[in-house]
Amino acid sequence: MTQALLHTATARSRRVLVVLLFCLTSSASSLAQNVEPTRAFDEGTRFLNSGDFRSAIASFEYAESLGRGSSALFHNRAIAHFRLDEIGHSIRFLERAALISKDDPRVMHSLDIVSTRVVDTYSELPIPIWTRFQRVVLNIASERVLMVTGIGFYLILCLMLFMNILGYWSGAWRRPIRAVSGLVSVILISMALTSSIWPAYSKEAVVIVGEADLHNQPDSDANVSEYIHEGLVVGIVSEGDTWALVQLPNGARGWILTQQLGAI
Amino acid sequence: MRKLFIILLLLLIPAVLLAQGITVVAHVDQTTIGTEETVTLTIEIGGAPANVIQTPSPPDVSGLSLLQATPSTQSSVSIVNGVMAQSYSFRWAYRPLGEGSARFNSALVTVGETVYKTESIDITVVPQSQRPVRMPRRSTRRLDPFSSLFRSPFDSAELVDEPAPDPTDLFIRAIPSDRSVVQNEQVTIEYQLFFREGVQLRQSRLTDSWDAEGLWREELDVETRPIPQIVIENGKRYNKIVLKRAAVFPTRTGTLVVDSLRIESEALFPVRSSNPFQLFSLRSTYKPVKLASPEVTIDSTPLPAGAPDSFIGAVGSYRLSTQIDRTVLDVGGSIQFIITISGTGNLATLEAPSFSPPAAFELYEPQVSTHLDRSGARLAGSKSFTYIMVPRANGTFELPGVEFTHYNPAAGDYQTERSNPIEILVTGAATTPLAATATRNGLPVDDVAPPIEDAGHWVHLSPTSLHHSSWVYAALLLPLLILGVTFVYQRHQDRLVADVGYARKRRANPLAKKHLKQAKFLLGSGTKVEFFGEVERAVLGFLGNRLNISERGLTRAQLLGQLARAGIDEALRQRIQTLLELCDRGRFVPGTIEMNDLEKAFEGAASIIVEADSALGKSL
Numbered sequence: 000m001t002q003a004l005l006h007t008a009t010a011r012s013r014r015v016l017v018v019l020l021f022c023l024t025s026s027a028s029s030l031a032q033n034v035e036p037t038r039a040f041d042e043g044t045r046f047l048n049s050g051d052f053r054s055a056i057a058s059f060e061y062a063e064s065l066g067r068g069s070s071a072l073f074h075n076r077a078i079a080h081f082r083l084d085e086i087g088h089s090i091r092f093l094e095r096a097a098l099i100s101k102d103d104p105r106v107m108h109s110l111d112i113v114s115t116r117v118v119d120t121y122s123e124l125p126i127p128i129w130t131r132f133q134r135v136v137l138n139i140a141s142e143r144v145l146m147v148t149g150i151g152f153y154l155i156l157c158l159m160l161f162m163n164i165l166g167y168w169s170g171a172w173r174r175p176i177r178a179v180s181g182l183v184s185v186i187l188i189s190m191a192l193t194s195s196i197w198p199a200y201s202k203e204a205v206v207i208v209g210e211a212d213l214h215n216q217p218d219s220d221a222n223v224s225e226y227i228h229e230g231l232v233v234g235i236v237s238e239g240d241t242w243a244l245v246q247l248p249n250g251a252r253g254w255i256l257t258q259q260l261g262a263i
Numbered sequence: 000m001r002k003l004f005i006i007l008l009l010l011l012i013p014a015v016l017l018a019q020g021i022t023v024v025a026h027v028d029q030t031t032i033g034t035e036e037t038v039t040l041t042i043e044i045g046g047a048p049a050n051v052i053q054t055p056s057p058p059d060v061s062g063l064s065l066l067q068a069t070p071s072t073q074s075s076v077s078i079v080n081g082v083m084a085q086s087y088s089f090r091w092a093y094r095p096l097g098e099g100s101a102r103f104n105s106a107l108v109t110v111g112e113t114v115y116k117t118e119s120i121d122i123t124v125v126p127q128s129q130r131p132v133r134m135p136r137r138s139t140r141r142l143d144p145f146s147s148l149f150r151s152p153f154d155s156a157e158l159v160d161e162p163a164p165d166p167t168d169l170f171i172r173a174i175p176s177d178r179s180v181v182q183n184e185q186v187t188i189e190y191q192l193f194f195r196e197g198v199q200l201r202q203s204r205l206t207d208s209w210d211a212e213g214l215w216r217e218e219l220d221v222e223t224r225p226i227p228q229i230v231i232e233n234g235k236r237y238n239k240i241v242l243k244r245a246a247v248f249p250t251r252t253g254t255l256v257v258d259s260l261r262i263e264s265e266a267l268f269p270v271r272s273s274n275p276f277q278l279f280s281l282r283s284t285y286k287p288v289k290l291a292s293p294e295v296t297i298d299s300t301p302l303p304a305g306a307p308d309s310f311i312g313a314v315g316s317y318r319l320s321t322q323i324d325r326t327v328l329d330v331g332g333s334i335q336f337i338i339t340i341s342g343t344g345n346l347a348t349l350e351a352p353s354f355s356p357p358a359a360f361e362l363y364e365p366q367v368s369t370h371l372d373r374s375g376a377r378l379a380g381s382k383s384f385t386y387i388m389v390p391r392a393n394g395t396f397e398l399p400g401v402e403f404t405h406y407n408p409a410a411g412d413y414q415t416e417r418s419n420p421i422e423i424l425v426t427g428a429a430t431t432p433l434a435a436t437a438t439r440n441g442l443p444v445d446d447v448a449p450p451i452e453d454a455g456h457w458v459h460l461s462p463t464s465l466h467h468s469s470w471v472y473a474a475l476l477l478p479l480l481i482l483g484v485t486f487v488y489q490r491h492q493d494r495l496v497a498d499v500g501y502a503r504k505r506r507a508n509p510l511a512k513k514h515l516k517q518a519k520f521l522l523g524s525g526t527k528v529e530f531f532g533e534v535e536r537a538v539l540g541f542l543g544n545r546l547n548i549s550e551r552g553l554t555r556a557q558l559l560g561q562l563a564r565a566g567i568d569e570a571l572r573q574r575i576q577t578l579l580e581l582c583d584r585g586r587f588v589p590g591t592i593e594m595n596d597l598e599k600a601f602e603g604a605a606s607i608i609v610e611a612d613s614a615l616g617k618s619l
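Protein sequence lines, in the order shown, are assigned to chains A and B. Be aware that the first sequence starts at 0, since it is given in numbering that gives the first Met the number 0, and climbs by one per residue. Be aware that the second sequence starts at 0, since it is given in numbering that gives the first Met the number 0, and climbs by one per residue.
Rather than coming from a laboratory, the hints here were simulated on the basis of the structure. Just so you know, these numbers come straight off a predicted model, no measurement behind them. One thing to keep in mind: the hints can contain errors.
[Unchecked claim] Okay, the calculated bits of chain A under chain B, using three or more residues with CB under 8 Å as the criterion:
| no. | region |
| --- | --- |
| 1 | 103 to 116 |
| 2 | 241 to 254 |
[What the hints assert, rightly or not] Pulled from the structure, derived: some chain B residues nowhere near chain A, Cβ distances all over 12 Å:
| no. | residue |
| --- | --- |
| 3 | Q67 |
| 4 | S176 |
| 5 | R178 |
| 6 | D220 |
| 7 | P390 |
| 8 | R439 |
| 9 | R555 |
[Unchecked claim] Just the calculated beta-carbon pair ranges, DEER-fashion:
| no. | chain 1 | residue 1 | chain 2 | residue 2 | range |
| --- | --- | --- | --- | --- | --- |
| 10 | A | L244 | B | D177 | 30 to 38 Å |
| 11 | B | L480 | A | P175 | 43 to 51 Å |
| 12 | A | S224 | B | V367 | 14 to 22 Å |
| 13 | B | R564 | A | R177 | 44 to 52 Å |
| 14 | B | L362 | A | S224 | 51 to 59 Å |
| 15 | A | P127 | B | H491 | 46 to 54 Å |
| 16 | B | H466 | A | S224 | 15 to 23 Å |
| 17 | A | R38 | B | P365 | 43 to 51 Å |
Even glycine gets a Cβ: it sits at the ideal position worked out from N, Cα and C.
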């Protein structure tokens, strides 16, 4: 049928058809990729509602293994862990859900509730101004949105320059448009790239065991500087196969077994 | 002697037996005070036994500042017109915040199961200068309580002439169970009244506040109908009865002082007569006396280090027990879980041990009930924390064991007791929270949000970082590349238009190739005249374009001169001249030309163009 269409179409309409077919194929492929995770999500939610929390977690885990995730998936999995009194895992998946959907009141409410079960309380280091600014911006638009928008302005600038080289679009209005599009594109692209290289939210993990020892050295026999408890969110400074150097909210650092952490 | 016993018994019969209705009254010592003075609020509870009276909280006030949150207490027994009454008072001292009016609002007092409300009291605060100058108050704390017994203001002038009774005839002794304890450890203080045979008392009452700053106090029961014990002290024979027994608990560390216990009474002392048969003189009269026990000093030391996490300050000897009313229930049903701590110690201030049921359970604040046993030498009893839990999800859950740690002074270490975990089976379907427990967003107040039913927007879990994405660099560099190419092309086009030399130079090679191509075609067809014409146009056109000269108007000598000036060497010039002469012959005398001359001419033209292009490229 495709060949028949192509055969009957003129050269110009052929090109249009090819583009349309590409778009349709892409979106259909994308939809097909979401079918199985959605089915697993629905199944997990049914288990969750019926009180079968272990089965719910298994379904959610399967959906995640397909390389897809959503705020709802992580939220529901966190609830299942919470019902099983696994506070560390619950915090872990709620933090993940919050990363995807920072404004969802359900996620933030659940996170507040589960956080009340966390034993450790530490004062937090102040966040640098740049990082705060970065977080504010990224709360409005993601890195990709910033980059795509920046590239859009960049293309406008290039188009203006292109037409200028070819001698078209002469007029006094060109200069301010060129200046604005150039400035905006530089700002947006810079923001997107710097946020990609130096993320606003550093790599974090959650303590998933009841109590974990924080050692001065990556050695079980080394002195224990602190005892931290389930549900505490720590920053990952560096990570190996067995040991991870973590930073507590108050800035204190120490080594902990990686198996006692769950990455957010 | 019998008469004396009757009097004492009448003094000490408990209020429980004589209560004629409970009264709760609040009053102040003065309704007009100076700015530098203090006012004492007293809440007096009459007609109720001590064990049903809960220590009231100080009332809300305006214009006043509370000096001490812990009230001083006083219990008194009095006989007025032959009627015995027992009352308990709680006193707080306040300082005014400024001139004007101040107010004590109503206080709530719980006696047994009933809550009583006192009347509010207004007082006036005036400048201190408007208040009469107060005489220095005689210190009530004396090192020797017996020395002041008969110098009381109650002993008026007409009694001064009376012979002073011997202080060793009548005195109170305070006996603490221990003088050095750890913080919050129980100390029992027993106040014993000693009196010589023949001494008679009437209208006795406990007076003044019995204060013990830094100590939590609990009254212990004493015999309501005490039978005096006969004891020998310093070789003298005394009757001894226990006036009061109290358990105190240091709430802080340091040296703490328990005030003297004071009583006021009227005493009849036997006149020392030489007649051994006359015990009481007819002239003997009752005289007001004040008795005070010595102060008791207690050293409170901090608890030893190394307390487990589950230690919440309990000191004493305790046992932990738990009780649950059921282990199988439906979602939404309720379970009653009771944690009971029993033993000796300060149960009144004992906090509930940490208890965290699984998150699926909605936990309500515990109901606390305390039962104190005041009958023994030490305060004992039990305290129960009754939790109500409602499961919101089904499944099998484990109620964690309760851990309770207390410091046992007798053993000198921390002791921890743990209850066993309890498995609970919850059946039925999960429920949604009640509307009353929902937030403005409809989310449960004390539970996580319900599951989200819609999967929402799916995202890739491992997206490539922007700075590692090739499309970003392509999107940034490709427009730049296009711009560069466009710029170069446009410049080239402009130069072709504006610079003839440049344009001819750029056209030289294509034109030469075009003519040579045509010549090659003609070579095959054997048309000699046209062939040599094309060869000549190819060579002359190339040279003219490269040298930017009009080759058509030039003689051969002029052309060779231009080539020499352009840096073409002699050999190449000679070959050019030979080729051009051959072309002339071929065009005008074609009969003299062999076919192999055509091929030589074609190859010669091609090589001349290549070599001339190379030579002119270097020199130009």
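Against the structure, the hints come out as follows:
1. Remark: the region 103 to 116 of chain A is confirmed as covered by chain B, as 8 of its residues place a Cβ nearer than 8 Å to a Cβ of that chain, reaching the required three.
2. Closer than 8 Å: that is the beta-carbon criterion, and the region 241 to 254 of chain A has 0 residues meeting it against chain B, so the requirement of 3 is violated.
3. The non-interface label for Q67 (chain B) is consistent with chain A: the shortest C-beta to C-beta separation is roughly 32 Å, beyond 12 Å.
4. Remark: the non-interface label on S176 (chain B) is consistent with the geometry, its nearest Cβ contact in chain A lying 39 Å away (cut-off 12 Å).
5. With a cut of 12 Å on Cβ distances, R178 (chain B) stays outside the contact zone with chain A, its closest approach being about 39 Å.
6. The Cβ of D220 (chain B) sits about 43 Å from the closest Cβ of chain A, beyond the 12 Å cut-off, so the non-interface label holds.
7. With a least CB separation of 9 Å from chain A, P390 (chain B) falls inside the 12 Å interface cut-off, contrary to its annotation.
8. With a cut of 12 Å on Cβ distances, R439 (chain B) falls inside the contact zone with chain A, its closest approach being about 10 Å.
9. For R555 (chain B), the shortest C-beta to C-beta distance to chain A comes to about 45 Å, beyond the 12 Å cut-off, and the non-interface label holds.
10. Between L244 (chain A) and D177 (chain B) the beta carbon distance is about 52 Å. The supplied range of 30 to 38 Å is therefore violated.
11. Between L480 (chain B) and P175 (chain A) the CB atoms are about 26 Å apart, so this pair departs from the stated range of 43 to 51 Å.
12. The beta-carbon spacing between S224 (chain A) and V367 (chain B), approximately 39 Å, falls outside the hinted interval of 14 to 22 Å.
13. Distance hint for R564 (chain B) and R177 (chain A): a CB-CB separation of about 49 Å, consistent with the stated range 44 to 52 Å.
14. Hint check: L362 (chain B) to S224 (chain A), Cβ distance near 34 Å, so the stated range 51 to 59 Å is violated.
15. A hinted range of 46 to 54 Å for the beta carbons of P127 (chain A) and H491 (chain B) is consistent with their spacing of about 51 Å.
16. A hinted range of 15 to 23 Å for the beta carbons of H466 (chain B) and S224 (chain A) is inconsistent with their spacing of about 35 Å.
17. Here the CB-CB span from R38 (chain A) to P365 (chain B) is close to 45 Å, well matched to the stated 43 to 51 Å.
Checked against the numbered hints given earlier, this structure breaks hints 2, 7, 8, 10, 11, 12, 14 and 16; the rest are met.
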